[in-house]
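Novice: Listed below are the residues making up each chain.
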Amino acid sequence: MSSTTPVESDEPLIVDVDVIEVPPEIAGRSLGQIAWRRLRRDKVAMVGGIFIILLIVTAILAPVITKILGIDPYDFHTDLLDPETTFPPGTGGISGEHWLGIEPVSGRDILARVLYGARISLSIAILATIVSVLIGVVLGSIAGFFGGKTDTVISRIMDIFLAFPVLLFSIALLFVFGNVQQLGPFTGVTVRAGLLVVIIGVFSWAYIGRVMRGQVLSLREKEFIDASRSLGAGNGRLLAKELLPNLMAPILVYTTLTIPTNILTEAALSFLGVGIQEPDPSWGKMLSTAQATVQIDPWYMLFPGLAIFISVLAFNLFGDGLRDALDPKSLR
Amino acid sequence: MRRRWNKVMSRTRRATLLASAVALASLTLAACGGSGGSTSSSSATASSATGFNAAVTSIVNASDKTGGTLRLGASGDCDSWDGANQYYGWCWDVGRLYSRNLLGFKAAPGAAQFTPDMATDLPKVNSDFTSWTFTLRDGLKWEDGTPVTTADFKYGMERLFATDIFATGAGNYFTCILSTCDASGVPAYKGPYADPKGGLNNIVITDKTITYNLVKPQPEFNWLMALPTAGPVKQSADKGKLYTLHPLSDGPFKFDTYQPGKSVTWVRNPNWDPATDPIRKPKVDKVTLTIFANPDDIDQRVQAGDIDLVADGSIQATFQTKILTDPTLKAQADNPNSGGVRYLVVFQTVAPLTNADCRKAVFYAINKVDLRLARGGTTAGDIAGSMTPGGIAGHESTDAYNPYPNGADFKGDVTKAKEALTACGQPNGFTVNMAYVPGGKADKVLAAAQAALAKVGIIVKPLAGEQASYYSTLIGSPATVVSKNIGLAQAGWGYDYPSVNGFFKSIVSTQAIKPSGTSNYASLSSPTVDQGLQAASTATSTAEAETAGKQVNHGVMDAAVYLPYLWDNEFLYRSPRLTNVYCAAGTQNLYDYVSLGTTDGK
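Chains as they are written, first to last, in the numbering used here: chain A, 1 to 332; chain B, 1 to 602.
Just chain B, with the same shape it has in the complex (with noise of 0.2 Å):
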C-alpha cells in the first residue's frame, strides 16, 4: 500500500467483529506497538500521557480548545490528492480532513476500530459476502452545499475503472470484484470516461441506499469501504486527472489553495455538519502544508516553533539524534510498528538472476544490520526474516521462519552465498544494477548492499530513478526493467489494512502484475500464493487466516524475489504545542491529524 519508497505508512486497520458475519474480522493488532519485541522501543505499553511513546497507547494532551492553525510540513507532495489516485499512507491520513466514506475508524490511539462514516450503520451483507447494502445518512452535504447523494457513490466507484488515468491509487481492489476481468486482470466495465452511457451495474442505488454486488466472495469489503479510494464523486465537480487540484470536500475542512509541489491550506467547510459525523472532532480552524524540497528545514523549522509536525514521518537523522540523545526531546517522541516492510527486489527477469540459485547468493550475503543501519538504526524497526509484518495473519518472528538465514548475526553468511553462486555458475560473482531513488537514507541502503555483496563478488551499480516514475514507470513497469537491466530494486510496503489481501495482493498476487504502474515488480506469479490468498479472503477463522497467511508467506519467500530485510517503524515526534495527540492504527500509525489541535489556539 503505501509506495513511499523512503517510507512505509500501513494502514492498520484493525478488524474488531463487526456487526456482521464477517469473521475474520477478529484479527488483534497490538496498537501501534506491533508485534516483535525488539531493542527498539516499539513495544512499550506507557500509559502515561508523556513520554517517549506515550502517545501509542493514549492521548497526549487531551484538550478541548478550538481555534489556530496547525502546520504541517512535508518533503515531498503527495502522489494525488484525488482519493482514486493517492497512495501515500500520510496522505490518507491527511484525507481524514476533506475526504469521508461510508465506513472509517474512530478517532482513538492504538487498534483500528471499525465504524460507519457515512452509512447510518455497518452494512447487510449476503452469506456468501457478494451483495453489500448501506444505508446513507441524512443532512450529508458537498463543500458547495449540495447534498451528497447515493449516485455520488456509484461514480465515484465508476471513475476508478479509467484504470488508464488513476493507476497509482488502490482501485485494483475493486475493478475485479464490481466488473468481469479478464485473464490479465483487465475489467470489463471502461470508467465514465470512456463509456459514459453505461455504467457500473453491479452497484444498485435508491434515494437512500447502494449495493453493491459483487462479482465475486469478497469478506473484507468493509475493510474496502473504509479507504478514500473508494469515496463519492460528484459527477458535476468531477475534472479526471484534474480533480486533484481541487477535490470537492464532503469532511470538516476543504481546500483552499494548492500550490502542486510547494504548499496546501485547508480551511473549515461550512457545509460540514459534525451531528453527521462520529468519527471527526476537529480542533483547529485552518491547516497548513508546506512542502519542502530539503526534509532538514522541516526539521529545524519543527525546532523553531514555525512547523508543528512532520506529516509524512520523514524526521531526519540530525533531528532524530538530537532527540534519541536529549530526554527532554526523547520524552516528546514515539517510535510505533508501522506495519511495513522494507525489502530489496530481486528480478527474476535479468540475468543472471534468472537463475534461482544466483537470486538466493543476493540473500544469503545481504548484511541486515547494515541496511539497518542505513535506515537509521536501531528505533528503523526489526530485522525481518519474511515478509509478513506483525499484526498479519501467518507472520512469524525471524527466529521461527528465516528461510534465508544470512548468519547468526544477520551480518551475512559468505559461505552459503559463495555456495549458491557455484550453484548457478557464477563462483566469481557477477554485476548488477539497483534501481533506487537517491537521497538520503536511499544513497546509504545502496552502500550498504554493495559493500556486503562484493564480499562475493556481486559488483552492485546504482542506477539512478525519479521519485515521480519509479513505481510507476521505472520498476513499476515490467518491460522498463528488463531494458534497463535492473537486477535488484530498492522497496518498501504497508498494508491497507491488516488482513493478508491487504497487505499481499498488490505486491504478489498474479492479478496485480500490469504494464505500468504495477506494485509486484517482479511480476511473481505463483499458484502456491495465488491460492493462499483466496483461502485466506474466505477464511471464517483466525486459525484459517493463519494458514493460508503462512501459505501465502512461505510461497512469496520460495520464489526468492522479495528480500524483505526490514518491519519498519515509524519515528514520530509530537510538538508541545499539539493536543490530542496519539498515534492510531486508523491512520497508518502516524498521528491522528484530524484530531489535533494546538494549546494557545493559534
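Excised from the complex, chain A in its bound form (with noise of 0.2 Å):
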C-alpha cells in the first residue's frame, strides 16, 4: 500500500513497486482466444464439433473400419433374402454380421454402405463448399471493393445464379454430361463426384458472394483502409492484407453453414437417379432406393436417413455456434 502520507516536504515520493500488481485480465487476448472461450461455453455448438469431428473421422477411416468389422459395400448376400419378396428376414436383416441389417434385393451390408457413403456424401459436401467459397470471396470482395459498373455487373450475375433452379439445373446437366466416364486419369466413382463437386459449387456460390460483397462494402470506408491507403497501399495490398483478415470471421462460418447445405443438394441429387450412380453408396440414392419400399422394411430407409440428419445438424449446430462467438455484437 502506499503512504498516505501528504506530499509536503522536498523528499521524493517512493513507492513500493513490488506490491503494486497488474490484474492479469487486463493483457490484451486475440481475437481467435476471445471466440475460442465463447464457443467453449456453448455446449450444443461443442456437441456439434465433436461430431463433425467424429464423422470425418469416420469418413477417412471408412475402409479400416469395414475391414476390421468384415464388411464390404458392394458384396451381394442374397441367400439371406426370401426369394419370393426379396426382403431380409426380421428387422431389416439386423443380425451379429449385418449390424445394421442388409439392403432387399441385393443384400448389400447397410453399414458398410453408410459408412462409405460418408466418404462421399461429405467429401462431396466439403469440396463443393470449398469451390463455391473461392468463388464467392473474390468475386463478392472484388464487386464490393471497387463497386461501380464491376459491381453492377458482378451482382447481377449473382443475381441469375441466385435465381436459377438449381435442382432442375443440377439435373439437366447431368443428363448431358452424366455418360462421362473418364477424365484424365480419373475415372469411375472420382469423376461422378468430381462433376458433383462443380455443379453443386457453381450453383451455391451466389449465396456467399452476396455475404462477401456487403461485408467489404462496409469495411471498405472504416478508417484503417484510408489509412492503408494513405501510406500508399495499392488495391492488391488492401484486398489481400488488410480486408480478407477481416472477413476470415464471416467465411468460416458461412463455410461451415454451407456444409449441410451442401450434403442435402448431394442427396437429393442421388435421390432422383442424377447424383451416384451403382454400385456406389450414397446417403441420397439409399434413401430413394429405400422410400419405395419403406413400408414393408423401414430399417433400410432408417439409417441413411439418420446419417443425414446427424450430419446436418451436427454442421448447422457447430455453425451456429461459430457465428455466434464470432459476432462481437451478440451478447454472450
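Rather than coming from a laboratory, the hints here were simulated on the basis of the structure. Any given hint might turn out to be false.
[Said to hold, decoys possible] Only pairs whose alpha carbons sit at most 27 Å apart, straight line, appear in this in silico BS3-like list of lysine-lysine:
id : chain 1 : residue 1 : chain 2 : residue 2
1  : B       : 65        : B       : 330
2  : A       : 67        : B       : 65
3  : A       : 67        : B       : 455
Take the two lone chains, each set in its own frame, and fit them into one complex as the hints suggest.
Specialist: Written as C-alpha cells, this is what we have:
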C-alpha cells in the first residue's frame, strides 16, 4: 500500500513497486482466443463440433473400419433374402454379422454402405463448399471493393445465379454430361463425384458472394483502410492484407453453414437418380431406393436417413455457435 | 414384340386349327400358365373362380351388369395409340377398345382362339400361302358414322410403308411380304406420303373383298391380320405422325380426350354395332387411363379404390410384397407366364466383346438368381438357359438345353468365366458400359450384373438412357452403340404371336437390322438362324416347327450376343370391384380390358 503521507516536504515520493500488481485480466487477447472461449462455453455447438470430427474421422477411416468388421459395401448376400419377396428376414436383416441389416434385393451390408456413403457425401459437400467459397469470396470482394460498373455486373451475375432453380439445372446438366466415364486419369466414382462438386459448387457461390460483397462494402469505408491507403497501399494489398483478415470470421461461418446445404443437395441429386451411380453408395441414393419399400422394410430407410440428419444437424449447430462466438455484437 | 424394357407383354395367340390349310397352327399354348414348372405359381390350374391365379384359367366375377367407368392407371404413356407405331403389349390390349382388324381373338380365358372380327370368316388362301382373300362384314362404321370400307384396309396397310414415320410398330412384318425388299430390307413401295399417286398393287380390293397377294409365302399371315398394326385407317382422317392424337375408332369405345403423357379417356362409340362384333362384349360406359410419374402412386390408388387396375402390369415391390404376404390380397392376384424373355445384349461390335470368348465370359460369370431377385424374386419368372420361352416351338427347359451353364445353382461359374477371359486375352477382366433406363428394377439389374461380373474382373459402368429413345435411337441404332461404346444393354422381349417367327423374326433375323429402331440390337446376322426362321414359317407339321425352332434357338445362342436370364411372368392384381376378369393369351396374358365391368355399375 502506498503511504498516505501528504506530499509537503521536498522528499521524493517512494513507492513500493513490489506491492503493486497488474491484474492478469487486463492483458490483451486475440480475436481467436476470445472466440474460442465463447465457443467453448456453448455446449450445443461443442457437441456439434465433436460429431463433425467423428464424421470426418469415420469417413476417412471407412475402409479400415469395414475391413476390421469384415463387411463390404459392394458384396451381395442374396442367400439371406426371402426369394419370393426379395426382402431380408426379421428387422431389416439385422444380425450379428450385419449390425445395421442388409439391403433388399442385393443383400449388401447397410453399415458398410453408410460408412462409405459418409466418405462420398462429406467429401463432395466439403469440396463443393470450398469451390463455392473461393468463387464467392473472390467475386464478392471485388464487387464490394471496386463498386461502380464492376459491382453492377457482378451483382447481376449473382442475382442470375441466385434465381436459378438449382435442382432442375443440376439434373439437366447431369443428363448432358452424366455419361462421362473418364476425365484424364480419373474414372468411376471419382469422375462422378468431381462432376457433382463442380455443379453444386457453381450453383451455390452466389449466396456467399452476396454476403462477402456486403461485408466489404461496410469495411472499405472504415478508417484503417484510409490509413493504409494514405500510406501508399495499392488495391491488391488492401484486398489481401487488410480486408481479407477481417473477412475470415464470416467466411468461416458461412463455410460451415454451407456444408450441410451441400450435403442435402448431393443427397437430393442422388435421390433423383442423377447423382452417385450404382454400385457406389450414397446416402441420398439409399434413401431413394428405400423409400419405395418403406412400408415393408423401414429399417433400410432409417440408417441413411439418420446419417444425413445427424451430419446436417451437427454442421448447423456448430456453425451457429461459431457465428455467435465470432460476432462481437452478440451478448454472451 | 413388346419392347417394354422393364416389362414384357406377349401376345400369345394360340393357333387353333384354322379352317384354312395352315397346319402349323396347332401349337397349343398352355393357357396363361405357360410351361416350365417352377417354384412360382405360374403353372396353377385353379378351377375355382376365386383365389390366387384364378383368372389364369377362368372368369372371375362373371357378370352381365353394365354401366360405370373403368379406371386404369399406368406408369407411362403408350408408345403410340396409332396401331402403325404401337408396340407395347398392354397398349395392344387397350387397343381392343377402339381398334378392330379383319381377324381377332375371342374374349375368353386361357388359350388364344382365332376368330373373324371385321371379316365374315377366316380367309380363303391358296395352296402356297401367297394369296389371302377376306370378305368384309356389312354394317361396319367409323366413329363418325362413315362406313368402314375395303379401301380403308388397303390404306391402313399402305401407311406402314412410310417407315420413316412408322418405325416402332410391327410394320416390318408386312413390308417385305407385300412389296419387294432389297438386300437390306428396304421395300420398293414408299408409302402414300412419298408416293401419293402410286399404291400397293399387291392389295386388290372390290366392294366387299380384300385380296392380299404376297410376294413370298407367309403361312402365318392370319396371325399378322389380327395385329392392330394392319388395322384399317380412313385416308381422309389420316394425320400421319399426329394420327396418334386421335385415332379414329371402329370399336365399342372412341377417344374422348387425350393429354399425351397424362391421361386418356374413352367413351362409347354409338356407331359401333354389337351385331357386327363377335368378340367384344363391353360392359362399362367409359374408360379412363391416368398416367402416373411414380408407379407406386398407382398401387396406392388401387389399394384406396380410386384406380381399378394397373394397366401396364407395373405393380411395384411394396404392393407386390403386401399382396404376397396377405392371404386376402393374394387371393386376388394372378401370376401368369407372359411368354417373354429378359436378356442382356452383349454387343459384338464393341471391344473387347468383339472376341467371342470375352462375350462368353460374361455368359458364364453372370448370376441369374440375383438377376431374378432384381426383377422381383421368384414371382418374376423362371431362370432361362436359352432364348425360346415356353409356348414357342423349339422351347427347351433350362435343364435340357443350357449352352452356357453358369453353375449348378445358376449363380455364376467363376472358373469357366476366367478360362474364357484368358482365352480372349483379357485374363484380368475389362471395363464395359451397360445401357439401361434408370428407375426401379433396371437399377437393380444393373447392380446385380455389376456384382456378379466384378468377381471375374469385368467392371460394368452405367450408361443411362431415356425411356423414349432407348429402343429407337440408343440400343436400337447400331451406330450409336459403337459411338457410345455400349458393351451391354438390358432388354426384354415377348412374342407378337406364338410362332417361331412371331417371337424371333424382329430380334434375330438379318432382315430386321435397320440403322435405327431395330430390335435386333446386336445386328445378329446368321445364315443358320435365317434358314431356321424360313423353315419355321413354312413348316407343315409340329415336328417340323420344333426342328426349325430349335435350329433358330441354338443358332442364336451359338452367336453369344443375347444372354437370356429369365422367362418372364406377369404379376397382376384384380380389384374386387371388377367383373369378368380373366387372363387371356390373346391379350398378352394381361386381363382382357374390353371385357371388364364393375360390380356397382359406377
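Novice: All hints are to be evaluated individually against the structure, with a verdict given for each.
Specialist: Each hint, compared with the structure:
1. 65(B) to 330(B): Holds, at roughly 25 Å.
2. 67(A) to 65(B): violated, 66 Å
3. 67(A) to 455(B): holds, 18 Å
Hint 2 from the list above is the single one not met by this structure.
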